[in-house]
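Asks: First to last, the sequence lines map onto chains A and B. So the first sequence is numbered by the working numbering: it starts at 1 and just counts up by one. So the second sequence is numbered by the working numbering: it starts at 1001 and just counts up by one.
Heads up, some of the hints might be wrong.
[Claimed, not checked] Listed below are the simulated DSSO-like cross-link pairs for lysine-lysine, each with C-alpha atoms no more than 27 angstroms apart in a straight line:
(1) K180/A - K1098/B
(2) K159/A - K189/A
(3) K214/A - K126/A
(4) K172/A - K1105/B
(5) K126/A - K1119/B
(6) K180/A - K214/A
(7) K1119/B - K180/A
(8) K126/A - K186/A
(9) K159/A - K214/A
(10) K1098/B - K172/A
(11) K180/A - K1105/B
(12) K199/A - K189/A
(13) K1119/B - K172/A
(14) K199/A - K186/A
[What the hints assert, rightly or not] Using C-beta positions, here's what the derived DEER-type ranges look like:
(15) S1083/B - R181/A: 39 to 49 angstroms
(16) N175/A - K1119/B: 31 to 41 angstroms
(17) G148/A - G1042/B: 17 to 27 angstroms
(18) L158/A - A1120/B: 20 to 30 angstroms
(19) P174/A - M1031/B: 34 to 44 angstroms
(20) A1158/B - E210/A: 50 to 60 angstroms
(21) R1046/B - G156/A: 17 to 27 angstroms
(22) I77/A - G1042/B: 43 to 53 angstroms
(23) D1165/B - R140/A: 25 to 35 angstroms
No lab work stands behind these hints, which were simulated from the structure alone. In this text the structure is predicted, and so the values were computed from the model without any measurement. Glycine is no exception: its CB is placed at the ideal position from the N, C-alpha and C atoms.
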Amino acid sequence: MSSARTLGLLLAPITLALSLACNIAAGAEPAAGATDAPTAAPAAPEPASDAGSAPAATPSAANGAPGTSTRALDEQIQDLKKSVVDLNKDLFVLEEELLFPANTQVALFVSMDVGEFFGLDAVTVKIDNREVSNYLYTPREVSALVKGGVQRLYVGNLKAGSHELVALFTGKGPNDRDYKRGASIKFEKGVGAKYLELKISDRVRSQQPEFEIKDWE
Amino acid sequence: MIRRIGRLCAGALLWALVTPVNAGATAVGDMAPDFTLPAAAGGNVRLSEHRGEVVLLTFWSSHCSVCVAQMAALGNLQNTYRSAGLVTLAVSVDDDMKSATQFAKSHPARFPLLLDPLKAVGRAYSIELIPTTVLIDRRGRVRFLLADYRGTDNSYVAQVRALLDDPL
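Input sequences plus hints: build the corresponding full structure.
Replies: See below:
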């Protein structure tokens, strides 16, 4: 199950609850405006002490203090939003743990250092001669990488043993020429998660970009 | 945590029961499938980077005679509404990328002409006619599909204006 789908599934009932709460709020305000004279609004007979259950408080508050009931409702909505974010975080972690257990997990990261001699356009990654990722970079993403961002390009599963990774970098090289370079690494996958970094840096002495694959133990 | 998962499963079941089986075709109201494609003029373009803007997506081919007139009209539209947040993207459905690139060179447009050698985007949007125009709102939802194009048909201009007026 993709994270988007998972999130969709999670959000469906909560969105329903949120929209219900919003409808109640929207319904309460015109009623309050219609019944109260402008001068009567500040004289709220009921304080917002029972802000625990908004739907119950709303009809009575509609005649009295629309401001306080709206505030209580707003707090409830904020609480609901917070729970959604928390749940999403938990689900994301759970999904990662289920789909990519630590004993088989392989993750690839891309980083760029300077990037003066190379304008990144695409990266193609093959593991054991099987293409696992072909990623096209937009100027905004390249800019983020140049500023020091690190992108998780791929996460997948591999069994323990020796494997070979080949990365093909495409882009514009020195003097704005089309540039294609490859880098490969043979690595040993053990029982723990394996992290590899595809690192693009500038070699100032030769005025050329340098492509390196780093194995994070 | 277990209770949360339980609640999630119940929600998932509810969702599965009320959601009809999706035939795979993108329809009005669906989230627009994301894509990243190379532009004929260089660089890559990702649809999701334009979230918050109104995207007019059109599918063209070098063999399509109407496309030239449509692109000119879309160029004018793009010029008029660019500052209001309109982004126009044109995706090629050509089999031969050479002719698509040649077409892009001979018909310079005011918006990116994207190349789709695998036709994955055309399939994702279930394109059957050329040119087809898709309007995507600021939230990334497909709001209007116009298959075929006639010079006199300006119905999508009103749609563009309506979407631009709709804040995020």
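Asks: Keeping to a limit of 27 angstroms between CA atoms, is the pair of K199/A and K189/A held or broken?
Replies: The hint holds at about 20 angstroms.
Asks: CA of K126/A to CA of K186/A, is that 27 angstroms or under?
Replies: Holds, because 12 angstroms separates the two Cα atoms, which is no more than 27 angstroms.
Asks: Is the gap between the beta carbons of N175/A and K1119/B within 31 to 41 angstroms?
Replies: Since the Cβ atoms of N175/A and K1119/B sit about 34 angstroms apart, the hinted range of 31 to 41 angstroms holds.
Asks: Range first: 39 to 49 angstroms. Now tell me if the beta carbons of S1083/B and R181/A are that far apart.
Replies: holds (41 angstroms)
Asks: Hint says 20 to 30 angstroms; check whether the CB-CB distance for L158/A and A1120/B agrees.
Replies: holds (26 angstroms)
Asks: Indicate whether the distance between the beta carbons of D1165/B and R140/A respects the range 25 to 35 angstroms.
Replies: The hinted range 25 to 35 angstroms holds for D1165/B and R140/A, with Cβ atoms some 27 angstroms apart.
Asks: Does the alpha-carbon distance linking K180/A and K1098/B stay inside the 27 angstroms limit?
Replies: The given pair, whose Cα atoms are some 20 angstroms apart, holds under the 27 angstroms limit.
Asks: Holds or violated: are the alpha carbons of K199/A and K186/A at most 27 angstroms from each other?
Replies: Holds, at roughly 16 angstroms.
Asks: Are K126/A and K1119/B close enough, with their CA atoms no more than 27 angstroms apart?
Replies: The hint holds at about 22 angstroms.
Asks: Given the hint that K180/A pairs with K1105/B, test it: the Cα-Cα distance must not exceed 27 angstroms.
Replies: This hinted pair holds, its Cα atoms lying about 24 angstroms apart.
Asks: Going straight from one Cα to the other, do K180/A and K214/A come out at no more than 27 angstroms?
Replies: holds (19 angstroms)
Asks: Next pair to validate is K1098/B with K172/A; report whether the Cα-Cα distance is within 27 angstroms.
Replies: Within the cut-off at roughly 20 angstroms; holds.
In the structure shown, no violation is registered for any of the earlier numbered hints.
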